[in-house]
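**Q** Mind docking chain X on chain B? Use the hints.
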Amino acid sequence: MRRTSALLAVVLLLAAQAGPALAGSREVRLRLPLRPKLAVTGRERISLAPFLVASRLSERKEAQQVKDLDLDTEFRRYLGKQIARRTKMNVVTMPADVKLPSTELKALGDATDFWKELGARVGADVLLSGIVDFKVEDKSGYKTEEYVSRVDGRTYYRQVFVESTGFTFEVTLVAFDGRTGAKLFQETFKDQKEKNRRVADEMVGLFENLFSLENQMLGLFVVREREANRYVFD
Amino acid sequence: MPSSVRHRRRALATGLSAALVLCVSACASSPSDAARAAADQKAYGARMAGDGFWREALFRFERAARLAPDDPEILNNLAVACEATGETARALAAYKRALELRPGDQKIKRNYARFAEYYTALQRGPQPAVPK
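Residue numbers (the numbering used here), protein chains in the order written: chain B, 3 to 236; chain X, 14 to 145.
In case anyone wonders, no lab produced these hints; they're calculated from the structure.
Any given hint might turn out to be false.
[Claimed, not checked] In silico lysine-lysine, DSSO-like type, Cα no more than 30 Å apart, as pairs:
#	chain 1	residue 1	chain 2	residue 2
1	B	LYS101	B	LYS39
2	B	LYS192	B	LYS39
3	B	LYS39	X	LYS109
4	X	LYS122	B	LYS39
Next comes chain B alone, as it looks inside the complex:
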């Protein structure tokens, strides 16, 4: 009995001394600001010039629905709306008669005089252009699936045919200084989505891609926040 009591006392003592050492840690979430990639004040006048459409430049065969889609117009309308809504920039309308001086992205980047002239004409501080591409692919195929037999309750694998459509959207955005015509920035954004049926709507697929890229693209102009996890000790 005496020995038990002494043991209890020792355990109590050890617990009291080990207390600080046993203090744990916890994972906390913080929001970190990310600066815009382009050093803008946020109040510039911006205008969206035409974009090259990759599928029109290549020999690639497209489905009729994709051919009917005016990718340049749809993309510019969407991006212009997002910039106007989510930034303080002033979106200036681009005249409909503006034609790009080249069908090559590199040449577009070097066409300083064209961008300077266009900037003066529309009165924009920043001009956006680039190249857009949208692909719809049949991704149907056999996939391995696990199933439990109702007869013997065991797990088996079987091959099943899954009908799906893949949507890939890629855009290279190039920003130009409207006063000097110099290229300021170029970045490519890409998004891929797969829909679990063969006949999925192209327009819906395109906008799902665009929604996914929205924050990244706007990150060129506005401060964004990114979530991060860290450990703090209790």
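**A** Only chain X this time, still in chain B's reference frame:
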């Protein structure tokens, strides 16, 4: 009173008094008041950080760091709070000091690695809108 009961009571009394003596000695050798206060501030700050009150957490970790300037856990917490409130240069210094004091700590190392990635991206900065 039967002798077995008396014997058991005496044993219990002896055990308890031994425990008391040991506890008193433990208290005597436990961290000082400052260290205990620092630990309290650290724990409170960690709770505030968990709830997202980063200004309050930073205030608590600063107080804790004044009381125990060489505690790597407090310095780590201070660095995290500095990071959350945008004081990145201070966060960098605090992480470095914490790692100097406890180089093998996986959690501090992981925090520092993640911070370094963010800090580097931040330092690269935006491209000038008007080229020089």
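**Q** It remains to establish, for every hint, whether it holds in the given structure.
**A** Tested hints:
1. The straight-line distance between the Cα atoms of LYS101(B) and LYS39(B) is roughly 27 Å, inside the 30 Å bound, and the hint therefore holds.
2. For the given pair, LYS192(B) sits about 17 Å from LYS39(B) by alpha-carbon distance, which is consistent with the 30 Å threshold.
3. The suggested pairing of LYS39(B) with LYS109(X) holds, with an alpha-carbon distance near 28 Å, which does not exceed 30 Å.
4. Proximity of LYS122(X) to LYS39(B) is assessed by CA-CA distance (about 28 Å); at most 30 Å being required, the pair is judged to hold.
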